[in-house]
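J.: What follows is the residue order along each chain.
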Amino acid sequence: MNKKWLATMLATAVLSGCSTVPQGSIPVIDAGSPLSSGGSGPSTSPAPAATPQRIEEDSGVVVMVPQGAVSTPLQTDSQPITSSGGLTFDPPVSSQPSAPSQGSFGSSAPSVPSGIPSSGGLAADEQLDGPVLALLTTAQQQQGGGDLNGAASSLERAQRIAPREPQVLYRLAEVRMAQGDAAQAEQLARRGLTQASGRPALQASLWDLIARAREGQGDPAGAAQARERARVNL
Amino acid sequence: MRPWLAWGLKLGLVGLVILAGFAVYLDAVVQEKFSGKRWTVPAKVYARPLELFVGQKLAKDDFLRELDALGYRRESTVNGPGAVSVAGNNIELNSRGFQFYEGAEPARKVRVRFSGDYVAGLTQADGSNLAVARLEPMLIGGLYPAHQEDRILIKLDQVPAYLIDALVAVEDRDYFEHFGVSPKGIARALWINASSGRLVQGGSTLTQQLVKNFYLTNERTLLRKGTEAMMAVLLELHYDKREILEAYMNEVFLGQDGQRAVHGFGLASQYFFSQPVSELKLEQVALLVGMVKGPTYFNPRRNPERALARRNLVIDLLAEQGSITPEEAATAKEKPLGVTSRGSMADSSFPAFLDLVKRQLREDYREQDLTEEGLRIFTSFDPILQLKAEEALAETLKRLAGRKGVDEVQAGMVVTNPETGEIQALIGSRQPRFAGFNRALDAVRPIGSLIKPAIYLSALERPSQYTLTSWLEDEPFSIKGQDGQVWTPQNYDRKAHGTIYLYQGLAQSYNLSTAKLGLEIGVPNVLKTLERLGVERKWPAYPSMLLGAGALTPMEVAGMYQTLANGGFNTPLRGIRSVLTADGEPLGRYPFKIQQRFDPGAIYLVQNAMQRTMREGTGRSVYSQLPSSLNLAGKTGTSNDSRDSWFAGFSQDLLSVVWLGRDDNGPTPLTGATGALQVWTGFMRKADPLPLDMPMPDNVTQAWVDRQTGLGSASGCPNAVQMPYIRGSEPAPGSACGIQAPVESVMDWVKGWLE
Chain Z
81 MNKKWLATML
91 ATAVLSGCST
101 VPQGSIPVID
111 AGSPLSSGGS
121 GPSTSPAPAA
131 TPQRIEEDSG
141 VVVMVPQGAV
151 STPLQTDSQP
161 ITSSGGLTFD
171 PPVSSQPSAP
181 SQGSFGSSAP
191 SVPSGIPSSG
201 GLAADEQLDG
211 PVLALLTTAQ
221 QQQGGGDLNG
231 AASSLERAQR
241 IAPREPQVLY
251 RLAEVRMAQG
261 DAAQAEQLAR
271 RGLTQASGRP
281 ALQASLWDLI
291 ARAREGQGDP
301 AGAAQARERA
311 RVNL
Chain P
59 MRPWLAWGLK
69 LGLVGLVILA
79 GFAVYLDAVV
89 QEKFSGKRWT
99 VPAKVYARPL
109 ELFVGQKLAK
119 DDFLRELDAL
129 GYRRESTVNG
139 PGAVSVAGNN
149 IELNSRGFQF
159 YEGAEPARKV
169 RVRFSGDYVA
179 GLTQADGSNL
189 AVARLEPMLI
199 GGLYPAHQED
209 RILIKLDQVP
219 AYLIDALVAV
229 EDRDYFEHFG
239 VSPKGIARAL
249 WINASSGRLV
259 QGGSTLTQQL
269 VKNFYLTNER
279 TLLRKGTEAM
289 MAVLLELHYD
299 KREILEAYMN
309 EVFLGQDGQR
319 AVHGFGLASQ
329 YFFSQPVSEL
339 KLEQVALLVG
349 MVKGPTYFNP
359 RRNPERALAR
369 RNLVIDLLAE
379 QGSITPEEAA
389 TAKEKPLGVT
399 SRGSMADSSF
409 PAFLDLVKRQ
419 LREDYREQDL
429 TEEGLRIFTS
439 FDPILQLKAE
449 EALAETLKRL
459 AGRKGVDEVQ
469 AGMVVTNPET
479 GEIQALIGSR
489 QPRFAGFNRA
499 LDAVRPIGSL
509 IKPAIYLSAL
519 ERPSQYTLTS
529 WLEDEPFSIK
539 GQDGQVWTPQ
549 NYDRKAHGTI
559 YLYQGLAQSY
569 NLSTAKLGLE
579 IGVPNVLKTL
589 ERLGVERKWP
599 AYPSMLLGAG
609 ALTPMEVAGM
619 YQTLANGGFN
629 TPLRGIRSVL
639 TADGEPLGRY
649 PFKIQQRFDP
659 GAIYLVQNAM
669 QRTMREGTGR
679 SVYSQLPSSL
689 NLAGKTGTSN
699 DSRDSWFAGF
709 SQDLLSVVWL
719 GRDDNGPTPL
729 TGATGALQVW
739 TGFMRKADPL
749 PLDMPMPDNV
759 TQAWVDRQTG
769 LGSASGCPNA
779 VQMPYIRGSE
789 PAPGSACGIQ
799 APVESVMDWV
809 KGWLE
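Line by line, the protein sequences give chains Z and P.
Take the first sequence: its letters are residues 81 to 314, numbered as in this note's numbering.
Take the second sequence: its letters are residues 59 to 813, numbered as in this note's numbering.
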């Protein structure tokens with residue numbers, strides 16, 4: 081009788097020893113896969129968040145292109161989409177202390193570009209300093225190391241510090257391109273264009289990016305138009 | 059005799075076997091729980107970290123307010139993380155460091171120099187310039203499970219030296235010698251308590267206390283006491299002293315915060331001192347250790363005298379044991395309790411914003427993950443702006459309090475950054491600390507004239523038909539709607555205003571001319587514009603919709619105006635930036651997303667008309683409180699019988715929507731201008747935002763027009779003013795300053811200009 085009870089006890093002990101509660105693993109929400117639209121995310125990604133406003137891909141909205149008449153589509157340039165690893169800032173961070181540059185990041189005066197920007201790169205007129213340069217440099221390192229989410233996050237941090245600096249949007253658009261989100265890349269570049277007045281080299285880079293983004297979205301005609309704009313701005 | 063002995067032996071043997079079996083069982087229980095994850099930790103929600111960089115707009119007082127809320131100690135010279143010294147406009151501090159989504163921010167010494175309301179210098183300890191730094195974010199709440207146990211896990215090497223000494227001295231003097239239970243300790247406790255006549259020491263060891271809290275229920279029986287002792291011995295067999303001590307420090311109950319139980323020294327340190335445990339000083343450590351005996355009885359907020367006596371007793375004990383010198387003890391005993399007051403910027407102070415965060419998280423994560431996994435949620439919440447919004451609301455309600463019906467008026471308010479779409483502050487009630495109906499998210503109310511910018515935007519998108527200086531007729535009319543009802547709109551002042559410029563219809567919020575314009579464009583087209591602005595509700599295309607019969611929440615209005623403020627780019631509003639796991643690994647992000655919905659030129663013109671609303675229209679009272687250099691755009695809204703008082707408006711970097719009204723939908727004495735606008739103005743005055751300055755789009759041109767005729771003029775002419783037009787829609791330029799022909803019908807407008 082006692083033995084029976086003991087056996088039960090032991091069995092209980094063994095069972096309770098085995099029955100560790102498995103701690104649920106949390107589904108990782110991929111940063112690249114937007115929470116509000118798009119279905120390209122991983123299968124573990126949660127149901128699309130019902131954020132107050134959902135961005136729908138081209139809900140029939142016609143946006144007027146400012147002033148420039150529709151250019152004839154040119155189907156010549158089928159440049160491959162180069163991953164923009166070669167983006168550099170002149171001069172490098174260390175040699176440029178930001179002492180006298182109080183608040184100058186938001187309103188850097190445009191100057192004449194020193195040369196034609198290489199594809200994806202920026203000309204010397206796009207010099208930045210202070211916090212924005214520091215954060216863009218960090219983002220570039222993160223992007224170089226394959227941490228696209230970290231890069232995007234650092235660029236959004238830069239955007240909060242200098243919301244009107246189109247170069248931040250340009251870089252963010254580049255990261256979105258690298259993440260495979262061509263639609264957002266185009267939108268970010270378009271936002272950048274509205275803030276890049278008087279900066280022809282940057283405008284050209286933004287149009288070039290729009291061209292690549294449109295190619296990525298299967299819109300060769302739109303891409304050709306954008307490429308034309310990129311050339312006009314040079 | 060012998061059979062009795064044999065029986066006794068047998069029984070004893072059986073008893074031993076049973077005991078052994080029980081011990082095996084207990085051993086399994088002890089090991090199972092101790093080797094796995096010992097605690098579930100609720101997700102922690104953080105405010106935005108304060109960024110520091112040269113050129114940043116930040117008032118010194120706001121900066122110090124944030125540092126105080128983060129529990130920074132004011133010291134004459136900065137000594138270690140969490141310390142700050144202030145000398146005029148120079149502030150030196152040692153930040154604590156933090157793991158963010160983008161990477162780790164190191165703890166470091168930073169010197170900040172202020173000039174006016176700007177950061178003029180940011181240097182490191184060695185004097186070199188620092189490009190950018192950020193403080194650790196403020197903890198603003200958590201996601202608690204049903205049993206609401208909360209803790210911040212700490213490691214033994216993070217705790218100040220005194221903590222271990224004091225805990226052992228007070229609770230279990232032989233801790234490092236005994237094997238789980240301490241007969242010596244029990245005896246001494248009995249002796250000390252009896253001789254001092256006070257309850258100074260308890261008899262159970264720290265290990266026993268841990269076992270009791272960790273594995274057993276609260277019943278006081280001898281059997282349970284025996285089980286506890288056995289488990290304590292077993293625990294000591296398997297784990298070393300330091301590991302057990304660390305578990306104790308995280309398990310111990312130290313206070314009750316409403317529904318939430320405060321466990322462990324990590325959370326208690328934050329809860330009582332707003333500081334991480336590693337920064338606690340001797341007297342603070344002594345207070346927490348003293349509270350172990352009776353967290354309610356010795357609660358320093360409720361029973362400060364008792365807590366102080368208990369703290370000093372602990373300090374004396376430490377001195378007695380030689381852990382500290384008598385001088386150190388004397389100095390420490392001189393110090394005040396130093397606990398923070400609850401509610402200023404502490405946990406659970408911002409229920410409306412936390413509600414928003416929780417709703418979003420519950421869509422994306424499982425409840426269990428949120429309440430158990432210790433996730434770190436990074437938000438865009440700005441406590442400085444939140445407090446300014448709350449103060450503006452309280453001051454306005456106080457000022458209006460004499461008017462009939464104002465006491466029943468409730469409030470909802472949303473503050474966002476129009477350039478990033480981030481939600482920075484949220485008010486869901488006239489008592490912002492009260493967690494209940496969240497009006498910012500859930501009060502669906504007719505928006506009145508807040509809809510008008512959508513009508514004028516629809517018109518200005520057709521530059522061949524409409525410009526800011528097109529003529530509109532502000533005259534009475536009636537039409538039969540699709541629903542069969544005859545609709546007769548009226549102006550708020552019940553007057554007709556004759557022939558006016560298009561922009562005046564918006565700036566003065568005239569109903570007759572606006573409704574007429576909306577009907578020309580077509581109600582369905584206006585609703586389509588609303589949809590593009592970000593409004594997702596579907597409304598029937600009745601003419602009454604043109605005057606704002608449709609209802610929205612303050613948050614939805616913020617989304618709509620965000621598109622107007624952000625150059626025609628729609629952004630889903632976000633309150634969460636990113637989510638990290640308990641050990642700092644990136645888990646999720648809510649990225650910035652935009653979509654261009656409108657031509658920037660049309661938006662530029664609407665913004666211009668909305669700026670005129672503030673300069674000469676229904677919002678002009680703002681400039682009695684704000685400097686005229688501050689460009690603002692906005693719109694008042696009032697529903698029928700003043701049941702809803704709205705204002706929505708923005709600067710370059712700040713958008714805010716205010717709603718005032720009664721929950722029972724009764725009439726109030728407030729219009730949009732006399733109610734919500736007053737809160738909005740008060741908030742903007744405190745927040746001191748940047749003036750609105752949208753870059754002029756390429757397809758917009760400024761033209762000189764005669765302010766009386768609306769015809770082209772030339773610069774330098776007496777009546778010439780500049781107006782923006784979509785290129786090609788501007789009036790033909792006037793060559794010279796010709797004959798002035800005063801027109802009766804625009805005299806009102808002239809008066810407006812001369813003001």
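These are computed hints drawn from the structure, not numbers from a lab.
Predicted, not measured: the structure shown is a model, and the values here were computed from it.
Every residue, glycine too, gets a C-beta built ideally from N, C-alpha and C.
Treat the hints with care, as some may be off.
Under 7 Å between C-beta atoms, here's a sample of chain P residues computed to sit facing chain Z [said to hold, decoys possible]:
(1) P107
(2) F111
(3) E160
(4) Q182
(5) A183
(6) G185
(7) I652
Derived list of chain Z stretches under chain P, where covered just means 3 residues or more per stretch with a C-beta under 8 Å from a C-beta of chain P [claimed, not checked]:
(8) 236–246
(9) 272–284
J.: The structure should be examined with respect to each hint, and the outcome stated for every one.
T.: Outcome of the hint check:
1. P107: It is violated, given that the least Cβ distance between P107(P) and chain Z is near 9 Å, above 7 Å.
2. F111: It holds, given that the least Cβ distance between F111(P) and chain Z is near 4 Å, below 7 Å.
3. E160: holds, 5 Å
4. Q182: violated, 12 Å
5. A183: Constraint on A183(P) not satisfied, violated at 16 Å.
6. G185: Constraint on G185(P) not satisfied, violated at 11 Å.
7. I652: holds, 5 Å
8. 236–246: holds (count 7)
9. 272–284: holds (count 3)
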